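A.B. asks: Okay, here's what each chain looks like letter by letter:
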Amino acid sequence: MKLLKNIWYVAAWSHEIGESLTTRDLLGKPMLFYRKRDGTPVAMIDRCPHRFAPLSMGKRVGDNVECGYHGLQFDCSGACTLNPHGDGRIPQTARVQTFPVVDRHGLIWLWAGDPARADSGLIPDFEHLVSPHLKTIGDQMIQNANYELVVDNLMDLSHVNYLHAPYQQVDDFLRAKHDVMQDGGTLESRRTVASTRAPQSFQPFLADPDAPVEYWLNIRWHAPGCCVLETGVVPVGEPREKGLVRLGTHIVTPVTTSYSRYVYASSRNYRLDDPLADDETKRWQQMGFHEQDKPMIEAVQTRMGDGDLLSMRPILLATDGAAIRARRLLAAMIEEEARINEPAPAALA
Amino acid sequence: MKLLKNIWYVAAWSHEIGESLTTRDLLGKPMLFYRKRDGTPVAMIDRCPHRFAPLSMGKRVGDNVECGYHGLQFDCSGACTLNPHGDGRIPQTARVQTFPVVDRHGLIWLWAGDPARADSGLIPDFEHLVSPHLKTIGDQMIQNANYELVVDNLMDLSHVNYLHAPYQQVDDFLRAKHDVMQDGGTLESRRTVASTRAPQSFQPFLADPDAPVEYWLNIRWHAPGCCVLETGVVPVGEPREKGLVRLGTHIVTPVTTSYSRYVYASSRNYRLDDPLADDETKRWQQMGFHEQDKPMIEAVQTRMGDGDLLSMRPILLATDGAAIRARRLLAAMIEEEARINEPAPAALA
Amino acid sequence: MKLLKNIWYVAAWSHEIGESLTTRDLLGKPMLFYRKRDGTPVAMIDRCPHRFAPLSMGKRVGDNVECGYHGLQFDCSGACTLNPHGDGRIPQTARVQTFPVVDRHGLIWLWAGDPARADSGLIPDFEHLVSPHLKTIGDQMIQNANYELVVDNLMDLSHVNYLHAPYQQVDDFLRAKHDVMQDGGTLESRRTVASTRAPQSFQPFLADPDAPVEYWLNIRWHAPGCCVLETGVVPVGEPREKGLVRLGTHIVTPVTTSYSRYVYASSRNYRLDDPLADDETKRWQQMGFHEQDKPMIEAVQTRMGDGDLLSMRPILLATDGAAIRARRLLAAMIEEEARINEPAPAALA
Numbered sequence: 001m002k003l004l005k006n007i008w009y010v011a012a013w014s015h016e017i018g019e020s021l022t023t024r025d026l027l028g029k030p031m032l033f034y035r036k037r038d039g040t041p042v043a044m045i046d047r048c049p050h051r052f053a054p055l056s057m058g059k060r061v062g063d064n065v066e067c068g069y070h071g072l073q074f075d076c077s078g079a080c081t082l083n084p085h086g087d088g089r090i091p092q093t094a095r096v097q098t099f100p101v102v103d104r105h106g107l108i109w110l111w112a113g114d115p116a117r118a119d120s121g122l123i124p125d126f127e128h129l130v131s132p133h134l135k136t137i138g139d140q141m142i143q144n145a146n147y148e149l150v151v152d153n154l155m156d157l158s159h160v161n162y163l164h165a166p167y168q169q170v171d172d173f174l175r176a177k178h179d180v181m182q183d184g185g186t187l188e189s190r191r192t193v194a195s196t197r198a199p200q201s202f203q204p205f206l207a208d209p210d211a212p213v214e215y216w217l218n219i220r221w222h223a224p225g226c227c228v229l230e231t232g233v234v235p236v237g238e239p240r241e242k243g244l245v246r247l248g249t250h251i252v253t254p255v256t257t258s259y260s261r262y263v264y265a266s267s268r269n270y271r272l273d274d275p276l277a278d279d280e281t282k283r284w285q286q287m288g289f290h291e292q293d294k295p296m297i298e299a300v301q302t303r304m305g306d307g308d309l310l311s312m313r314p315i316l317l318a319t320d321g322a323a324i325r326a327r328r329l330l331a332a333m334i335e336e337e338a339r340i341n342e343p344a345p346a347a348l349a
Numbered sequence: 001m002k003l004l005k006n007i008w009y010v011a012a013w014s015h016e017i018g019e020s021l022t023t024r025d026l027l028g029k030p031m032l033f034y035r036k037r038d039g040t041p042v043a044m045i046d047r048c049p050h051r052f053a054p055l056s057m058g059k060r061v062g063d064n065v066e067c068g069y070h071g072l073q074f075d076c077s078g079a080c081t082l083n084p085h086g087d088g089r090i091p092q093t094a095r096v097q098t099f100p101v102v103d104r105h106g107l108i109w110l111w112a113g114d115p116a117r118a119d120s121g122l123i124p125d126f127e128h129l130v131s132p133h134l135k136t137i138g139d140q141m142i143q144n145a146n147y148e149l150v151v152d153n154l155m156d157l158s159h160v161n162y163l164h165a166p167y168q169q170v171d172d173f174l175r176a177k178h179d180v181m182q183d184g185g186t187l188e189s190r191r192t193v194a195s196t197r198a199p200q201s202f203q204p205f206l207a208d209p210d211a212p213v214e215y216w217l218n219i220r221w222h223a224p225g226c227c228v229l230e231t232g233v234v235p236v237g238e239p240r241e242k243g244l245v246r247l248g249t250h251i252v253t254p255v256t257t258s259y260s261r262y263v264y265a266s267s268r269n270y271r272l273d274d275p276l277a278d279d280e281t282k283r284w285q286q287m288g289f290h291e292q293d294k295p296m297i298e299a300v301q302t303r304m305g306d307g308d309l310l311s312m313r314p315i316l317l318a319t320d321g322a323a324i325r326a327r328r329l330l331a332a333m334i335e336e337e338a339r340i341n342e343p344a345p346a347a348l349a
Numbered sequence: 001m002k003l004l005k006n007i008w009y010v011a012a013w014s015h016e017i018g019e020s021l022t023t024r025d026l027l028g029k030p031m032l033f034y035r036k037r038d039g040t041p042v043a044m045i046d047r048c049p050h051r052f053a054p055l056s057m058g059k060r061v062g063d064n065v066e067c068g069y070h071g072l073q074f075d076c077s078g079a080c081t082l083n084p085h086g087d088g089r090i091p092q093t094a095r096v097q098t099f100p101v102v103d104r105h106g107l108i109w110l111w112a113g114d115p116a117r118a119d120s121g122l123i124p125d126f127e128h129l130v131s132p133h134l135k136t137i138g139d140q141m142i143q144n145a146n147y148e149l150v151v152d153n154l155m156d157l158s159h160v161n162y163l164h165a166p167y168q169q170v171d172d173f174l175r176a177k178h179d180v181m182q183d184g185g186t187l188e189s190r191r192t193v194a195s196t197r198a199p200q201s202f203q204p205f206l207a208d209p210d211a212p213v214e215y216w217l218n219i220r221w222h223a224p225g226c227c228v229l230e231t232g233v234v235p236v237g238e239p240r241e242k243g244l245v246r247l248g249t250h251i252v253t254p255v256t257t258s259y260s261r262y263v264y265a266s267s268r269n270y271r272l273d274d275p276l277a278d279d280e281t282k283r284w285q286q287m288g289f290h291e292q293d294k295p296m297i298e299a300v301q302t303r304m305g306d307g308d309l310l311s312m313r314p315i316l317l318a319t320d321g322a323a324i325r326a327r328r329l330l331a332a333m334i335e336e337e338a339r340i341n342e343p344a345p346a347a348l349a
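Residue numbers (this note's numbering), protein chains in the order written: chain A, 1 to 349; chain B, 1 to 349; chain C, 1 to 349.
Next comes chain A alone, as it looks inside the complex (with noise of 0.2 Å):
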């Protein structure tokens, strides 16, 4: 699996992650997580270099890690501090791969390429998942699929009047204004219905749930997973500004070439304490998330096998350009990140 290495990846939610050793496979590999004593989150490959046990069958001895198989301790550089056998002497090579770590915006941000280039305010902004003006409701689940195949769900967003329908589908959405922006490494699908009966996800919220309303949906991409869609109705001739509006988490990290976890979140800026609309963000997201993309991406990846979607000559519609661009563009900073990683040819040396 061809991964983008200098990018910060979505590890967990913050508070799924606390003082106990946890492990989590992630990037292809197996990972151990837990927090210092002061709260500072640790990332480490979760594989003893001795014997190869899971460090995380092992326990904390103050802020490092003892091995439970022969007793070896690590500290969270991934430096062993202590062998406990024979003369104690400690062999250079007794390490452990650690991964920069960053807690911001209620996740945990995971580094995967080289730590002297981890610079978090390459995070990209998910501010609103913390914002208390905003109302967020989250969770996380399973993707049985490969990753790209997530993204290309979310960023063509015209499968919501046909895999959502009736709940997310909106008259005249297929034929509506839609363009795509590229800035640097993000992408932005903007759709715009001028007037049109709002979504049922949005009516019960609504003074006048039949009343003409603009509506839109627009969709940024931060590779090679972080997607923030801001979904809104506002009566016609109103401001944006005065509109009920959903801004979606939508993360998706590579485990496999065929699996992936994917957390999501939803943030609204109505009714922050009424728990119907609560209830209502729940249920969507079971229904949704749960019941109709991950079956439907789930089938694709069974249908595709082992098979590069490009490479299977898929016909590409209109309504395709948003995941292509994006496809691409991951594809493109792969292929630039191998490039300047590889040594430059003897001849040029």
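To be clear, the hints were calculated from the coordinates, so they are not data collected in a lab.
None of the values given here were measured: they were computed from a predicted structure.
All copies of an identical chain are treated as equivalent in the list; a pair is satisfied when it fits inside any one copy or across any two copies.
For lysine-lysine, the following BS3-like pairs were computed, each having C-alpha atoms within a straight-line distance of at most 25 Å:
1. 59 <-> 294
2. 294 <-> 282
3. 29 <-> 294
Using the hints provided, position chains B and C relative to the given structure of chain A.
C.D. replies: Just chains B and C now, kept in the frame of chain A:
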């Protein structure tokens, strides 16, 4: 899996295919089946050419199918008839592969090769399945084994004296007269015991179960996996026309190299309206096919692993004649088909 | 899987093999075991050379085996003795591979190599298993791991202070005197703590559980996977002959590269008739072997994937000496065996 292509395969019993979208893996491919409003059966690859979603997760729109992911529609010829996105233009390559299918003798027959050569006159004769002069009881099952191992089981019926003893056992059967005849792409194996005690499976239906009978067992094979098994007993000296006869239908269709679908039935010329005779047939099919043949054939597959039978150098006995001839005939047909489809070498072009 | 061939492997406990046909995968092969009417055990490949049916699905006919599919019979030498079909001639190649087996010390030993070299004098000494002066409690289990990982676990007993703490933990054990000796194809690792508190596992059986004892732990390895582990405690100053001693039997037999069978027992020289001591042993075997060793060894296998231990460059510590020597000795024996079996190069012939 190298398969014969220009041949009819059985996809299902006719009653299994109705108006609703039905998916079934056959010949290494996911297939979609349904009937048009006029009852005509339709078969196509169960995969949308746009994003590879299973069409079976979509829905019927008249005689067409609408993909459940992004709403493309296809007609029964596999042509895309609706693109709901953007300007609605339909790419020329927007097609699903379809297969000629014929509903005959209570079975759905599927032509796997060049549609132009799909001559329904080539469907082998299974008229007995719908004959009013016979009573037919049948069903189907999965065999976790290569389809040729299932054919081997049928083409070497000497196993009835061991695997199906005592119910189908016949004294003097193994040393009995045994002929194998070939007629084009079909083989027939005929065994006769001039005088013996009828097997238990016939005894309840004979005036004198202990009187000596002539017993015969003929099996006709049509490539690649369609067999008709005629079993009969008649009091010694009487003509066969006066005997009790069962025509067994045994049709195996490959799915993968080690997974097959097996359709079976028994059509008898006696006690047509006797529910006890029906029960006797069902009991035998459950015991003989599900509890005796299936575990044995699947155990053979397990013991063979990925091996090819003839490459594994089995000991060949007199009784293997028909099965080995069927294997060699099928291999030659597949090779011939591949040869014809190959482009002529450049020097000859 | 490259295995040592000209060596005795343990196939089963003696009591597991009786008159009925018993199948067990060992050394990458399906094997059939049973006892002749005179009690002699028999081992052969569990696969008929005719159509590759498992012979274990057939039946005993005297001391012979009849295949359940088409009735061929084989004697205990593997020769076909009956072909019930056609003229009954028996092809010369109609043979099943058999293996020399010996019933000794309560175990069934199987010789995997050249039968002409199967010298029962080469069976390692496990006489203690049937000694009237000891009380033996044993059983067996599956390890979803390569057999060499199970041997590693045994040959590096430093893990008792971590994985088996506190029950088998011994103070000052890790820094204790430790010798590794080689004698031909066997290795012995000896550790002694001159004065310590007895491990919990011995305490209930000592007059004064808190009095200082000499503690020793010696393990002898016979290639490829037979170990005898002697553990003892004696009050400081007393001769070892007066001590409490347990002889542990630990025998691992490879099945596949990541699946093994593990036979274990504990033979003690104290409280021979005390059911509480029996219970203590059983409790320890359940806790130590099934709930501590097995999950750890299997997790190591998972973390290693298809990797070869030494190729993965583990950090090697003082405590790894015996295990690594056992691995290297075994690799050399396998290589030597392969070298001898190779035909001489033509130039030298």
